Amino acid sequence: MVFATILLGLTPSFLMVGIGGLVRRRLSAEAWQGLDRLNFEVLFPALLFFAACGRPIDPIEILRIGPAVWAIMALALALGFLARRAGPERFLDFAGAWQTSWRFNTAIAFVAVPTLDPALSGQMAIAIGMAVPVANVLAVTALSRGGSLSFVATLIKVATNPFLIASIAGVLVGLSGYKIPAPLLAPAEMLAKAAIPIALLSIGATMNWRALARLDLFHGYLCLTRLVLVPATAFLLCLFLAPPAGLAAVFILFAALPTASAAHVLASAFGADRSLVATLIAQSTLLSALTLPLWILAIKLAF
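Numbered according to our numbering, the sequence shown spans residues -10 to 292.
Bear in mind the hints are in silico, worked out from the structure with no lab data behind them.
Every value quoted in this text rests on a predicted model; they were computed, and no experiment measured them.
A couple of the hints might just be wrong.
Said to hold, decoys possible - Below, computed lysine-lysine pairings styled on DSSO-like, alpha-carbon distance capped at 30 Å:
1) 289 <-> 146
2) 182 <-> 168
3) 146 <-> 182
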């Protein structure tokens, strides 16, 4: 019964991904890329800002959430690197694929968290706000090792990331306790409401729906790391360390998210194999339709 309720809660989102696949030819590839850019530059930053600043934030929450999500990403990075020998020979191509083991899909995070408790959206926003800069630093650093981006250019790329700017701004407003007047906050709320539907449509439109047929040892291990090994470790640690139930749910759900749908954009910018990363994104997203409901069920039963 609980599992059916979880599936029912996630079904509209999976259907939106399917609709994106059906209408992919109604728009050009350039149009879909434009929507991705709009989401990256405007809509999702608005969602992150709105979710983070919507309630007062206790500084203790940052001290609890930040180190935990950083540890989750460090674990994913370390486990993902074990696939080096099975991966492509050129390190730049491997780095493009390697990033999929620790990067996470923000859209799916905000879709999945209400199936646990809508009140956890604020804590998930803090988790994402703390994770975005670290995820970008790790990805850019790994890709820079095989590319030609200078140290200064790397810093600029990380510092100007819209997710980073919006997350920090939202967290700062939340920490200040200041309540932004509703008329001023309304535009951010309107943009935030558009972010997830457009992101889900775009995922479906750009996904390679035959990607599961390419699930070899290298692809399979990275997906296993992202969807099973990392959340399983987070789950066991939460059982052992017994954090508050809400925090445990956020940590495990964060650990169980499929990889970021825009990871191929960064890989392409550095000259890595874009098709390899796109395949991993599709595999991770498709497989998460099976794994994510199971992790949500496990969270509900254990916490």
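Going down the list of hints, with the structure as the test:
Annotation: proposed proximity of residue 289 to residue 146 is violated, straight-line Cα distance about 39 Å (limit 30 Å). Distance check on the hinted pair: residue 182 and residue 168 sit about 20 Å apart at the alpha-carbon level, within 30 Å; holds. Pair hint residue 146 plus residue 182 holds up; C-alpha atoms about 27 Å apart against a cutoff of 30 Å.
The structure does not agree with numbered hint 1 stated previously, though it agrees with all others.
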